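J.: Here is what each chain is made of, one letter per residue.
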Amino acid sequence: MTSDSRSSRYAVGVLLAATAVAAAACSSSPSSSSTPASTTTSSASSANASGSASAPATVTNVTLGYVPYSDDASLFYAQSSGIFKKHGLNVTLVAQASPVAVEASMASGTEQFGFITTPVLINLNSKGVSVKCVSSVDGSEPSNPANDSTVLVAAKGSGITSVKDLAGKNVAEVQLTSLNSLAVEILAKKAGIDPASIHQVAIPFPQMAAALAQGRVQAAVIVAPFADTATSEGATVLTHPNVDLFPNGTVTCLDAMGSYLSANPAIAAEFRAAMNESIAYSQAHEAVVKETLVKGLGLTPAVAAKQILATNWNPALNTASITMIENYMKQFGVITSEPPAASMVWNP
Amino acid sequence: MLGRYTHVYGLRLAVLAAALGLWQGLSAAGVIRSDEFPSMSQTAAALWGQASGSSLWGAVGETLEGWALGLLIGVAAALLIGTLIGMNGFAYRSVIGVIEFFKAIPVIAILPIGLVLWGATLTMKFALVAFAVFWPLVIQVCYGVRSLDPVAADTTTVLQVRGARKFLTVILPSAAPFIATGLRVAVAVALIVDIIAELIGGGTGVGERILVAENAGPSAYPVMYAYIVVAGILGVLLAGAFTVAERYALHWHESQRSAKTEGQNRDYPEREGLTLVVQLSPGGTTPGRAGSHARLAIRRPVPPLVVLVGRLEEPVLPAAVVDPEVAMDPVGDRPGSRRALLVP
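Chains as they are written, first to last, in numbering that gives the first Met the number 0: chain A, 0 to 347; chain B, 0 to 343.
None of these hints come from the bench; they were simulated from the model. Mixed in with the good hints, there may be bad ones.
Claimed, not checked - For the chain B half of the interface with chain A, some residues (derived, Cβ under 10 Å), not all of them:
#1 Asp34
#2 Gly118
#3 Ala119
#4 Val211
#5 Ala212
#6 Glu213
Because the structure is a prediction, the values reported are computed rather than measured. Even glycine gets a Cβ: it sits at the ideal position worked out from N, Cα and C.
Model the full structure from these sequences, guided by the hints.
T.: In structure tokens form, the structure reads like this:
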């Protein structure tokens with residue numbers, strides 16, 4: 000019953016997003032390709048391709064939609080340190096609430112690159128909208144729990160000590176369509192309980208600690224820094240779902256539309272090179288890169304330094320992990336068709 | 000006079016101070032956890048911090064940009080289309096259902112379409128604002144236009160006042176109170192939609208700052224609430240500015256005058272601004288046209304907010320007053336019958 004209502008809500012959401020994006024892909028791609036800005040960029044890219052690739056002579060304006068959170072540090076650094084500029088890219092960053100909003104803006108042609116989570120990437124591709132990961136945000140998912148910021152916590156006094164105890168309990172998820180909710184279902188299945196017996200409740204991260212303390216939910220998948228509030232109130236960490244299930248996996252990336260990538264391969268190559276350069280620098284100079292969060296997220300320097308960046312710093316996109324997430328999504332009835340993971344990663 | 004103002008504003012300030020004090024008290028007493036909801040002093044400090052940099056003013060400017068453009072487009076379109084629909088009974092009856100349908104659509108439902116069409120841009124913001132403002136207002140304009148007094152309408156026809164002049168001097172003033180009510184709502188709705196578009200869609204401005212601060216975690220909550228407070232202050236200021244503008248523009252209307260009499264001062268200089276004389280003079284200003292025709296003489300620098308009344312023997316507007324000084328009949332016929340002065 001819960002599963003039914005959940006999946007039907009899911010289907011509606013996905014359909015809405017997919018139709019919106021698909022409609023725009025049909026209606027606005029001709030107009031976007033004829034805008035002066037795009038014409039400039041494509042001519043610039045062909046010039047780059049014929050000239051020397053390392054020192055582009057012209058600057059290309061691109062806009063990138065991102066969802067503000069700590070793991071954007073490498074992205075902010077690529078911007079503030081001039082790495083993007085060095086690669087001939089003048090990037091405008093636009094903060095948006097969710098990957099779906101980012102993808103819709105990309106469909107409008109006003110954004111060329113954007114932040115996406117792997118489930119959304121798979122959803123769109125399975126609905127026939129071609130979007131591809133161009134680079135990782137700051138590397139792949141870590142394999143060491145100490146480097147991870149996403150935790151499954153149980154409320155104080157809930158009596159929950161393992162995933163097995165979640166049956167019949169309310170579990171808070173940031174979205175019922177997210178990687179986190181999928182992870183809880185997979186964990187439940189692996190623990191031998193029926194995933195449908197867990198009541199998943201959508202609650203924004205900032206309100207999860209209060210929901211746990213008030214007993215509205217008995218467990219939650221929560222991220223730092225909100226997790227600190229929950230644990231300070233006595234919640235206990237059960238596990239790190241992403242590290243357990245997708246170690247070294249690609250769970251988020253910076254993507255672009257397939258049509259844009261085939262028209263502008265040189266720009267995409269420069270973008271990927273710039274991000275990889277920034278991620279490599281971030282690995283060696285984590286403290287320096289975290290300072291970008293002061294401006295990027297409005298944190299104080301002390302709070303910025305304490306942020307956990309959930310990454311293994313490996314910029315390679317992990318196709319096998321995308322396939323694995325896709326298989327789970329098929330298994331739980333989220334998607335019906337399974338496009339090959341290789342088609343969701345840009346390979347010029 | 001002054002005493003009453005002081006009294007009213009003093010009371011308001013006292014309530015505001017009490018609310019802020021309660022907020023601070025609840026935080027200090029630990030009823031509200033500071034990492035979930037910051038105290039009033041933390042929020043005020045964050046607000047001060049934002050206001051002393053350029054961050055706050057940039058965001059306010061970007062929000063007001065979307066608000067103003069969207070309001071301008073939405074209001075202009077609603078005035079034009081509402082008037083056209085309202086003036087034609089058949090058109091009105093035909094389309095009112097469709098308009099009511101669009102009016103009921105929450106903007107948040109079409110936000111994804113806005114994003115797909117225009118992305119997270121200023122265009123997306125003002126397009127959504129214009130959409131949200133248009134439908135409720137166009138209905139108000141229709142009602143206003145249709146409420147035109149039949150005698151005034153007939154007089155306009157007899158006096159051969161047409162086109163733009165008819166719109167500006169007869170229809171618009173008659174519909175003005177309806178439009179004003181619609182505008183008052185539109186001003187608030189436009190701000191709400193603009194900030195929602197920024198918060199959920201991603202255009203830059205106050206809403207976007209709220210989003211970034213929220214995602215940054217508990218340490219940035221004071222900043223988040225500071226921007227929420229800014230949104231509230233913006234709402235109060237814009238609504239207040241509109242009320243003042245409305246009072247000035249519609250001071251001749253009964254709703255404003257009775258509000259005045261109920262309110263603080265009765266010595267409102269309402270007679271100052273507005274004196275419209277409809278003069279019927281044979282062989283007037285347009286050569287070559289037979290018979291009498293109308294000449295509208297606006298004797299004061301008046302906004303086009305005037306109501307025509309042709310027959311003062313039967314005042315159709317309850318507040319119509321004849322000013323004996325100017326209402327003398329130039330033709331020598333019955334006093335007051337041809338030269339109608341309106342001092343509502």
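J.: With a cut-off of 10 Å, does the beta carbon of B:Glu213 approach a beta carbon of chain A closely enough for the hint to hold?
T.: This interface hint holds because 6 Å falls under the 10 Å limit.
J.: Against chain A, run the beta carbon of B:Ala119 and see if the smallest gap drops under 10 Å.
T.: holds (5 Å)
J.: Against chain A, run the beta carbon of B:Asp34 and see if the smallest gap drops under 10 Å.
T.: The hint holds - B:Asp34 has a Cβ within 10 Å of chain A, the shortest such distance being about 5 Å.
J.: Holds or violated: B:Val211 as interface residue toward chain A, Cβ cutoff 10 Å?
T.: holds (5 Å)
J.: Can B:Ala212 be said to touch chain A, with a Cβ gap under 10 Å?
T.: holds (6 Å)
J.: Does B:Gly118 pass the interface hint, meaning its C-beta sits closer than 10 Å to a C-beta of chain A?
T.: Holds, because the Cβ-Cβ distance from B:Gly118 to chain A comes to roughly 3 Å (cut-off 10 Å).
Hint compliance for this structure: every hint is met.
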